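Novice: Chain by chain, the residues run as shown.
Protein chains: 2
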Amino acid sequence: MDLHTTIGLTAAICTTFSFLPQAIKVIKTKNTKGLSLEMYSIFTFGILLWIAYGILGSDVPIIIANVVTLIFAIVILFMKIKYK
Amino acid sequence: MDLHTTIGLTAAICTTFSFLPQAIKVIKTKNTKGLSLEMYSIFTFGILLWIAYGILGSDVPIIIANVVTLIFAIVILFMKIKYK
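Chains F and Z, in that order, give the protein sequences. Everything in the first sequence is counted per our numbering, starting at 21 for the first residue and increasing by one. Everything in the second sequence is counted per our numbering, starting at 21 for the first residue and increasing by one.
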């Protein structure tokens with residue numbers, strides 16, 4: 021694997037899994053006051069579009085990365101709506 | 021512009037600018053308790069790698085989208101560190 025691909029994959033892993041500690045934190049503390057409902061609404065919609073983009077282009081890495089991100093984003097959005 | 025490109029561009033605009041309301045909220049309220057420091061640290065590092073990926077591949081849309089996201093991410097991370 022060349023440097024370009026390695027950097028891209030590491031970037032995708034970082035930006036995807038960065039939402040995991042936020043999801044864990046919001047589940048543990050139920051403190052959602054500082055979280056922006058607008059952010060997670062627009063972000064979740066954007067991730068759904070990324071998945072559609074991946075499906076249309078048969079781009080498996082884009083589909084997988086965004087499905088994982090979608091799970092974290094939906095958890096955070098759900099908690100924000102439930103405990104706002 | 022075909023449907024595939026239109027969906028991809030809309031997706032990029034949504035996931036990039038979704039961080040704007042979060043940045044505005046944290047500047048206004050200074051309430052960062054619910055925000056995960058781990059998330060914004062890993063996320064900011066990931067965005068820097070996306071910019072490196074874009075530069076190595078001479079991919080201007082990836083560079084632009086991630087430079088914009090980086091600005092929002094750094095603002096949120098700075099506020100989280102300052103007001104934790």
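Honestly, the hints are just simulated from the structure, not real lab data. All of these numbers come straight from a predicted model, not from anything done at the bench. You may find that some hints are simply not true.
No distinction is drawn between identical chains; accordingly, a pair holds when it is met within one copy or between any pair of copies.
DSBU-like cross-link-like pairs, simulated, lysine-lysine; straight-line CA separation at most 30 Å [said to hold, decoys possible]: (1) Lys-53 / Lys-102; (2) Lys-53 / Lys-104; (3) Lys-100 / Lys-48.
Novice: Can you tell me if Lys-53 and Lys-102 fall within 30 Å by alpha carbon in one copy, between copies, both or neither?
Specialist: both (11 Å within a copy, 18 Å between copies)
Novice: When no copy is named, should Lys-100 and Lys-48 be tagged within, between, both, or neither for a Cα gap of at most 30 Å?
Specialist: both (13 Å within a copy, 19 Å between copies)
Novice: At most 30 Å between alpha carbons: which applies to Lys-53 and Lys-104, within, between, both or neither?
Specialist: Classified as both; 6 Å inside a copy, 14 Å across copies.
The earlier numbered hints are all upheld by this structure, with none contradicted.
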